[in-house]
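**Student:** Position one of the sequence shown corresponds to residue 1 (the numbering used here), numbered consecutively onward.
Please note: incorrect hints may appear among the correct ones.
Simulated pairs of lysine-lysine, BS3-like, Cα-Cα distance not exceeding 25 Å [to be verified]:
{"#": "1", "residue 1": "Lys399", "residue 2": "Lys239"}
{"#": "2", "residue 1": "Lys465", "residue 2": "Lys449"}
{"#": "3", "residue 1": "Lys236", "residue 2": "Lys465"}
{"#": "4", "residue 1": "Lys18", "residue 2": "Lys239"}
{"#": "5", "residue 1": "Lys387", "residue 2": "Lys239"}
{"#": "6", "residue 1": "Lys330", "residue 2": "Lys18"}
{"#": "7", "residue 1": "Lys18", "residue 2": "Lys278"}
{"#": "8", "residue 1": "Lys20", "residue 2": "Lys141"}
{"#": "9", "residue 1": "Lys236", "residue 2": "Lys394"}
{"#": "10", "residue 1": "Lys17", "residue 2": "Lys236"}
{"#": "11", "residue 1": "Lys518", "residue 2": "Lys540"}
Because the hints were derived from the structure by calculation, they are not lab data.
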Amino acid sequence: MDKKGNTVGQDGVAGLKKQKMRPIQIAFMLFCLVAAGAFGIEDMIPQSGPGMTLTMLILFAVIWAFPICQTVSELSALMPSEGGIYVWVKEALGEFWGFSISWWGTISIYLSTATYVVLIVNYAQHFIPALTDPTIAFFTKLGIVVIFILVNLMGLKEVGIVSSVLSVAILAAFAVVTVVGFANWEYSPMQPFTPEGQSVIDCLGGSICIVIWMYCGYECVSNMAGEIENPEIIPKGFKLAMPLIALSYILPTIAGLVSVDPWYEWGTEGLGYGDVLKEHLGYGWGVAFLVVAIISQAAIFNTYIAAGSRGFFVMADDNLCPRFLVKVSKNRGVPILSILLLGVTTVIMMNFEFSTLLTFLGPLALMVYVILGISLLIIRRKYPVEKRDVWYIKGGPAKIYIIALLPVAIAIIGMLVNGTEYFLLGFVSIGSAVAAYLVFKIIYGGLYKADPENHPINRRTKLAKGDIQRIGVFILIFGIYAIVGSVFLSWYEGDWGPEYYLETYGTGLQSNFWFMIKIARVGGIIGAAAGTVLLLIGKKKDPV
């Protein structure tokens, strides 16, 4: 490990085939991982109003997407390692936190890939009525999964080629929407700023959650960095991708708002970008745009197989997951069993209802950005930029702290304003990392198994030395966060929350607003107490 110069950390895993790639291929992979079109923004418009929707799209490109791109670019340049965020956090905060961030990121991909397959078939039903038959629909979904699993088994270069082709098709379609919309400008894109009778604060919850989601996924490309022969192109790919993605959101949305009215009928089940073409060019153009929606979901699915399959793969290489997942195909040099496992999981998950499942996924994605920003600051101290000859963020300490911590603050706010049910169930999904780490560390040994001298364990717990303290800190922080969150949500949703949750869910835990608040508050007190006890025990019996 070279701590004084070029790059640090592992470069890849034995057997992986290196692929030489160009910045534009990285940019197109990022486009598919993050965006693949402006689909999803339609729901922001009636919730938040045209003006606020556009303001949020522009603002979050600057205060959310840009800092994340800068962070991932610097860490990718310094540590171009397979597994990306897992390797960076492991280097900054140790084995437990490295496992946790990889678990959150990988599980969120594993549980969400099926949604893209389902959406492909749902869109295709407009052309092929036979797909409404459950049996035909199932085998069509299965065929889609098989096709893109095969693409991924061929190698990262092939994934990049498919991503590039699909990206060009999507961008061309939205470019046509932009041109046609601007040519038929009739309405103000900023009026009204918010729906009548609603303030900016009232609209913030709905808009911030959607816009964060629209700009998520930049870090995923780092998962494959160990397979890129020339990793110095990754920051260059980010320079192309970030403005491309922002413009692909902002320009078509302006074009749609100025040419198709009324704004309050926009939505995934209402007016959309395809209506710009249908209204001004004819019905056939609207149908053609529906094909682009299918291509969009296929593009996301293709790249998420590549990103998601590397998570468990690199942890298995560190003895933190079942070892069979580290198998690399001899001919193609790809993590064959990890890719196949993701394919099997997708086939299983595509048969389930996603409404409850997706409640668990948002907090997982947001936690990744919280830990990522903190890790950047720690790695900056460990590896001073003055000793580097690779790309890094230019600027003084104040700028670096803003870039690192601004997404952290936004992610924490996002978890709070997403809704009380998301806030509460988020503790279950986030806490699953602790349970999984305990199981896998004890069974497989983790870093100790390969390097016991540098990664010693506590003989009594069979965990890494200091893990009692780390887990204590984890529980303590989330206990305090639960208490603070319960107070905030009582204020933020207290006036309308009880009626809203009862009307939305009818029965069960999620229908009882004040009971959810009580669970968060009592659970937070218990968690804070338990975390404190573990921290004190760890300092005495299990020092870091």
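**Student:** Hint by hint, where does the structure go against what was stated? Just the numbers, ascending.
**Tutor:** Failing hints, ascending: 3, 7, 8 and 11.
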